[in-house]
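Chemist: Build out the structure end to end from the sequences listed, making use of the hints.
Residue numbers (full-length UniProt numbering), protein chains in the order written: chain Y, 1 to 460; chain E, 1 to 221.
No lab work stands behind these hints, which were simulated from the structure alone.
With the Cβ distance kept under 7 Å, some of the chain Y side facing chain E (calculated, not the full set):
#: 1; residue: 246
#: 2; residue: 265
#: 3; residue: 284
Distance windows between CB atoms, simulated:
#: 4; chain 1: Y; residue 1: 275; chain 2: E; residue 2: 219; range: 27 to 33 Å
#: 5; chain 1: Y; residue 1: 275; chain 2: E; residue 2: 57; range: 38 to 44 Å
#: 6; chain 1: E; residue 1: 117; chain 2: Y; residue 2: 383; range: 34 to 40 Å
#: 7; chain 1: Y; residue 1: 445; chain 2: E; residue 2: 117; range: 31 to 37 Å
#: 8; chain 1: E; residue 1: 32; chain 2: Y; residue 2: 275; range: 35 to 41 Å
#: 9; chain 1: E; residue 1: 191; chain 2: Y; residue 2: 312; range: 49 to 55 Å
#: 10; chain 1: Y; residue 1: 243; chain 2: E; residue 2: 61; range: 15 to 21 Å
#: 11; chain 1: Y; residue 1: 400; chain 2: E; residue 2: 57; range: 52 to 58 Å
#: 12; chain 1: Y; residue 1: 439; chain 2: E; residue 2: 120; range: 40 to 46 Å
#: 13; chain 1: Y; residue 1: 271; chain 2: E; residue 2: 185; range: 14 to 20 Å
#: 14; chain 1: Y; residue 1: 203; chain 2: E; residue 2: 57; range: 33 to 39 Å
#: 15; chain 1: Y; residue 1: 233; chain 2: E; residue 2: 32; range: 33 to 39 Å
#: 16; chain 1: E; residue 1: 120; chain 2: Y; residue 2: 227; range: 53 to 59 Å
#: 17; chain 1: E; residue 1: 185; chain 2: Y; residue 2: 379; range: 28 to 34 Å
Every residue, glycine too, gets a C-beta built ideally from N, C-alpha and C.
Here's the letter readout for the chains.
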Amino acid sequence: MSGVHLSGSIRRRLTLQLVGSAAILAALLFVIVQTFTRDLAEETHDRILLASATSIMDAVSVRSGEVTVDLPYAALSMLSNVSDDRVFYRVVLGQETLTGYADLPLPEPLPGDDDPLFQTLDFKGESVRMATAVRRLSRNGVPTHLAISVAQTRTGQVERLNALSRTALLLGAGFFVVAVLLAVWAAQSSIRPLRDLAGMVARRGPKDLRPVTRPVPSEMAPLVSSLNSFIERLRLSLSRSEDFIAEAAHRVRTPLATVRSQAENTLHRVERPENRTALREMIRAIDESSRAAGQLLDHAMVSFRVDSLERSPVDLTELVAELVDRLRPVADLKDIDLVLEQTTPHPILGDPILVQNAVRNLLDNAIKYAPDESLVQIGLNTESGMHTVTICDQAGGFPTDQLDHLTERFVRGRNAEGTVGSGLGLTIAREVAEAHGGRLEIRNTEDGAGACVTLVFPSA
Amino acid sequence: MRFLLVEDNQSLAAAILDRLRLDGHVADHAADIDTAESFVITTDYDLILLDIMLPDGDGRSFLKAHRDGQNETPVIVLTARSEVSDRVGVLDLGADDYLTKPFDFSELEARCRAILRRRGGRSSNQKRLGALTFDPLAGTLEVADQPVALRNKELRLLETFLAAPDQIFSKARLVDRLFSYDEDVSENAIEVYVGRLRKKIAGSGVEIVTVRGLGYRIQLA
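Modeler: In structure tokens, the structure reads:
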């Protein structure tokens, strides 16, 4: 992820937002369920207390001034259906307690006839819930009132309420867990198209410049369409520079070939030494410019391919052997022996065209600068995970103070004067080696008779 | 040898044809693929020199059709394009070799020789003089039926002499033949090679004589 500034993660942000919402919803759910069930339980309890009080009220009969209370069994047993809590009651006529707990406090003032009152209060050291119903009547012509209170301790009720709270809590927590799982899944699946696209683009080879055609969600359409137009621009510009390099080479080399051939033919026909010298100079100048043009174009091509390095399995041994075979006729012209003594494979991962170009530049140099009837040795070796190609000539070696600068552009060995060259060959070889994670080494042979140039590549 | 040159640039073609004929070869010229195809049908060539960029198509398509048609004539591709991008393709398509323009004629000759040798050179190319039997393609020399090993420069020197026995070759001309233009060699360097060649053909009834002030000539003793 080099060169990318991160500003958080969409997936994490989305997950956090969804989980946050889920937490708020879960808390809300807990509060609502708890409040609702608590209210419902209290109301039920109140209704039963009131039913109990009302049934006692119905059992009070006033007949010619005589008040009788025939306490119905069901009036109190209905309360024990709710819980095992203790039940207290008190029946009061005017100021006189007819039956029940005389110390059960009556509300002050008493509520109206059709308006029963519910209270939570302490009685005998315990919290009780009490319902009080009142009926006004006249006794012997005197208006008085009949008040009936039924109370029950709240231990069981509190327990039941706590159980309900726990259920509500479990419900909220369960909701939260499910919501978190859903949030993670939703975040994953909503960024999946993004990840798929990124993966698809990343898996592409450096030369694969086809537009992205797979369907994407509408939100990603602008991104993909920008990407496609970017790819198209890159493809155009790459193919333009490739065409340009090929075209430039063609334009430069064809006329040079014409002039060179004509000069060579003329040289065969003229006898005067000064004309012959002039023609030879001409041919050398042509060779120099064509070689420079060739290497400049090669160098452009190499830089271009290095930028988008394609790696495929390459056997160095095979590649070097092919090149040596190809250059043998050229070496033969100077009776130079090319000696290659290696047949075991040396596999690397790289761009075969680049590696070939690097090795060919080194072989070209060796053949060009070596004296007639000398030896150029090509060796392949493996040292600590690196494969090397070493080319040794007998061309007298490089001046030692120059060894470090030879791979700089356009720098040529001082002993190269008088030989056609552009000074880019070693630069190309070094750049190719470095692009593959290797290096170029130059040293003079121990006897000082020549130089060895080594290309080092990591083995595959 | 009989060459077919397929090249659309007229002045370059003229220069190459001139040189091939100067060296005693027979050469036909086709400026486009169409003409080249009709030449190939009617004439049996020893070697085809093929340019890649042609007015009526890509030289590579000619090469492919040529090979698909079971035509075995060796082909050397002349390319002006960047070597990096082009080289792999033409060899895969069946070219025997390729040269990047501009090229050295001695390299062209060397490559022709290498290809023809690889394919088994024809005995009709053999030259005889006295007890010398010389096959320039195979690079073999026999003196009185005994094989003699020749180095490349000696071989080319002998080939030059034998192309025109009794003709005088100046030192300057021989330097052109043997050395590339970027080598600074004095004309006296030729003496070394003439001396070696003399030793190798000793006893063949053929001698290389020095013509004072003019150069050398090969002749029957």
